[in-house]
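K.L.:
Listed here are the chains, written in short residue letters.
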Amino acid sequence: MASNPKFSSEAGRDAEFAQWVENEIGGDRLRECMQCGLCSGTCPLGSRMDYTPRKLVTLAAQGFKREVLGSKSIWLCTSCYGCVSKCPRQINLTEVMYAFKRRAIAEGFAPKGDPMPILADEFTSMVKRNGRVSEPWLMAHVFFRNPSLAYVGMTGTAARLLRHGRLPLGSHAIDKRGELTEALGTEMKREEKKEGKEPRK
Amino acid sequence: MRYAYFPGCSLKSTGRAYAESLERVFADLALELVELKEWDCCGATTVLAVDEVASCILAARNLALAAREGLDVVAPCASCYLVLKKAKDHMAIKPDLRDAVERALKIVHLEYRDNVKVRHPLEVLLNDAGEATIKQHAMRPLAGLKVAPYYGCQLVRPHADFDNADEPTSMDRLLKACGATIVPFASKTRCCGATQTSAMPELCGDLIQVIVEDARRQKADIIATACPLCQLNVELYQPRTVQPIPIVYFTQLMGWAFGATEREVGLHRSLLSAADALMHCEARHA
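Chains as they are written, first to last, in the numbering used here: chain B, 1 to 201; chain R, 1 to 286.
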């Protein structure tokens with residue numbers, strides 16, 4: 001029987017990954033999953049995913065790191081918490097999805113050209129720099145990183161929003177942004193130092 | 001009653017009409033909103049996808065600012081509301097996260113307090129003003145206006161404590177008190193596609209179509225929402241092949257019922273005009 005090429009063999013399992021996810025918020029209950037599929041049925045974009053939420057839960061619990069972190073699914077999660085509110089085993093999958101996103105970005109698994117990781121990165125740098133987000137400038141940054149024809153169609157929409165006073169282009173930074181950037185940076189350096197001591201595989 | 005008002009980034013741009021109408025409704029009901037000085041972005045659903053500690057620091061800084069004022073926080077944006085509450089919950093179960101936040105806040109001369117209440121206007125209006133008072137203020141009742149109450153996903157799940165996660169009713173009650181007719185609306189808490197819709201509209205158009213078609217089947221004149229992203233997505237991406245249904249903030253409808261002008265509650269900022277729907281209800285008064 002031909003094996004499903006989407007799944008790697010048992011040898012592709014990574015015990016460290018399975019252990020790691022158990023320690024993330026929501027990850028401690030993944031092994032309680034009984035594969036009922038309510039999460040996949042509830043998920044607004046489940047039908048567009050390469051691995052449905054139900055499959056992701058078990059792949060993660062079993063340590064299939066490459067499949068999970070490289071999947072498009074984690075970037076389609078809108079964080080609507082539909083699966084969380086429906087799960088009969090109280091698994092907080094939405095929160096685990098955030099952990100997947102963080103690790104996928106940190107370890108370079110995020111699919112290239114996917115607008116969501118780019119948006120996450122630009123949004124985060126803007127907040128760290130200015131303390132607040134400016135919606136028009138954020139969209140401009142994302143466009144420059146990932147020029148796509150889809151955005152050209154949005155210029156008309158942007159112009160209409162602008163006309164209705166809904167896209168202010170002025171400064172959006174807080175006065176004490178320097179202090180805030182410093183506080184965020186100090187904790188980031190601590191984290192990196194900690195990880196440097198115990199490198200992740 | 002006074003509250004620490006946390007508008008969030010959206011209410012300063014695409015969601016300005018929410019801020020304008022909310023401020024008007026609160027003022028009419030003698031509920032005082034004091035905007036938090038120097039508030040920062042809550043981190044939304046995005047910073048947590050990159051940096052867990054940073055997302056918690058961003059949220060907690062706002063809670064610390066409110067603690068200094070000794071006031072409850074009122075967060076109208078569904079995402080801000082969820083994120084601020086979630087940061088509190090996560091710091092309670094993860095002591096090392098709380099330690100990191102406390103260290104960072106020291107640098108900005110603030111102290112984290114876990115006793116700051118995070119509240120949503122839906123709940124504040126129901127509990128601190130009450131339906132009877134709201135009814136008294138509705139000098140121009142929304143008579144005969146059929147409203148589909150759209151809560152979206154993040155407002156009521158899973159950190160909210162004021163309404164049911166799948167069958168919420170708080171907005172229904174407020175708008176009913178203003179004279180509106182609430183239609184049965186199965187898509188109340190369906191997801192609009194959130195940030196994914198702005199980045200990949202072609203992928204998420206179906207989600208919005210389901211929500212709008214549901215409202216149309218119920219013969220709704222208008223959709224009411226409490227989330228700036230739901231408002232923007234449903235306004236921008238509903239199919240134009242049929243007559244679109246306008247979507248406004250619940251506070252805009254309340255403000256209108258309280259007698260405010262179109263401009264005072266930001267109705268002039270809508271890309272899908274609500275004028276027709278509201279005019280019909282005006283005609284019923286005549």
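Hints were generated in silico from the structure; no laboratory data involved. Yeah, the Cβ is synthetic: ideal placement off N, Cα and C, and Gly gets one too. One thing to keep in mind: the hints can contain errors.
[Unchecked claim] Computed list of chain B residues with no C-beta within reach of chain R, every gap over 10 Å: (1) 52; (2) 82; (3) 115.
[As the list claims (entries may be wrong)] Each computed DSS-like pair below joins lysine-lysine, with the alpha-carbon atoms no more than 30 Å apart: (4) B:176 x B:194; (5) B:72 x R:117; (6) B:176 x R:176.
K.L.:
Checking each numbered hint in turn, tell me which of them this model violates, lowest number first.
P.N.:
2, 3, 5, 6
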